[in-house]
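Starting from the known structure of chain L, arrange chain F on it as the hints suggest.
Line order of the protein sequences matches chains L and F. Numbering-wise (full-length UniProt numbering), the first sequence opens with residue 1 and increments by one. Numbering-wise (full-length UniProt numbering), the second sequence opens with residue 1 and increments by one.
There may be inaccurate statements among the hints.
Which copy is meant is left open, so a pair is good if it fits within one copy or across any two.
As the list claims (entries may be wrong) - The list that follows gives simulated cross-link-like pairs (lysine-lysine, DSS-like), each with its CA atoms no further than 30 Å apart: (1) K161 x K137; (2) K160 x K137; (3) K137 x K54; (4) K31 x K54.
It should be emphasised that the hints constitute simulated quantities derived from the structure, not laboratory data.
There are 2 protein chains.
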Amino acid sequence: MTILVYELVGSDLSRPFSPHCWKTVMSLAHKGLEFERIAVPFTEVPLVENGAAKTVPVIRDGDRLVSDSFDIALYLERTYPERPSLFGGPGGEASARFVERWSQMTIHPFFGAAAMLDIHDRLAPVDQAYFRDSREKRNNGRSLESVASEREARHPEFLKKLEPLRSTLSYQPFIGGESPLFADYIVFGAFQWVRVMSPFQYLPAGDPVLDWFDRCLDLYDGIGRSAPAAA
Amino acid sequence: MTILVYELVGSDLSRPFSPHCWKTVMSLAHKGLEFERIAVPFTEVPLVENGAAKTVPVIRDGDRLVSDSFDIALYLERTYPERPSLFGGPGGEASARFVERWSQMTIHPFFGAAAMLDIHDRLAPVDQAYFRDSREKRNNGRSLESVASEREARHPEFLKKLEPLRSTLSYQPFIGGESPLFADYIVFGAFQWVRVMSPFQYLPAGDPVLDWFDRCLDLYDGIGRSAPAAA
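Okay, chain L solo, but in the shape it has when bound (with noise of 0.2 Å):
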């Protein structure tokens, strides 16, 4: 049977850019499962599926629900483990759950300010007010524009924090090794956030990680590539 999976888009909704929604959906395509996605903005979130769960993605596969994209790909692992494994045993398993709290505490900390403003202005006007409003209000008041201005600036930082990964690339072309694992997803939906939503050079030509994050956008008939990038 075909899973849904519910993702986040913005005004164009040829564009899900959720980090999130985007490791389940390379998780799902990874494992070769049928699927369907299905758009949601911001404010329809709390609609998904009567109120199933609080943030997206969410999957409906038969009659389970699942969210958070770390217990998908945990739920799909155990569903369906004749298929390609995504962690490739229970030593990947568990250190994917280590690449997960680097990533989003050594991307996306960075990614989710330098973009704000970008992902704002790619959101329908309803999902716009709630975005400046939370985002505002998370960031102790400060605009979307004063936190995106520091983005040139804390650039360089940001390429130096990259330096466990960009080594880890000089061993194996994946996370994962000689191919990709979950743990490649996470990294890869948080460069697919903000690709697709900013039009800012977040990787200079000839990073190894940005040559990392091509290979990733190739895979499964370029799935990654079907989100246009930002202009």
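Here is chain F on its own, set in the frame of chain L:
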């Protein structure tokens, strides 16, 4: 047959301190293999096994010599597959590399600088001369004393950089999940390095990273505690 492991020591032979050698000792203990530890001061590393390796750890397993802590872990995993796995499968193997690069680039620079003078003070005189000379060259001529003096000032930033590890440990007791894997020993090695050679308090009481480190010190009959902490 008993495996020989060559380990770096200072003036006190009961205090092996190299982070990389500790990774190997923990790997051997994890596999439940018999091994004999051979103490090597800095200036005798070039003499180990007739100059077979430029660095320690080195292990001799029958007629096989293996160096580099990661390569040794891979060797042990391949050679003794029937014993407890160090990686928990191919995914764990691949992402252990990421943990290694993270540890090397996040923890080691601070520890290397912060403990530099304490390490020097715990070496035999001939090793002290080598250590001061090589480390001051590496630091563009800055004295050990000058580098070490920044310890307190840099400490808060270091504690912040541990956040991905700290957060991971709120999900699971070890980086490897419910029980430790080589990924744990990678980070353990770094903390053991400074525990054994530097009396500075690197982690505050109550830090989940300290609790994890204590759990690691308890492993394998407390082999980590067999080296006394610096006083």
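At 30 Å max between alpha carbons, let me know whether K160 reaches K137 within a copy, between copies, both or neither.
Both ways: K160 and K137 sit 29 Å apart in one copy and 24 Å across, limit 30 Å.
30 Å Cα threshold - placement of K54 relative to K31
So K31 and K54 pass the 30 Å test inside one copy only (25 Å; across, 44 Å).
Intra- versus inter-copy proximity for K137 and K161 (alpha-carbon distance at most 30 Å)
The answer is both: 27 Å in one copy and 26 Å across copies each meet 30 Å.
Evaluate K137 and K54 at a C-alpha cut-off of 30 Å and name the case that applies: within, between, both or neither.
within (19 Å within a copy, 56 Å between copies)
In the structure shown, no violation is registered for any of the earlier numbered hints.
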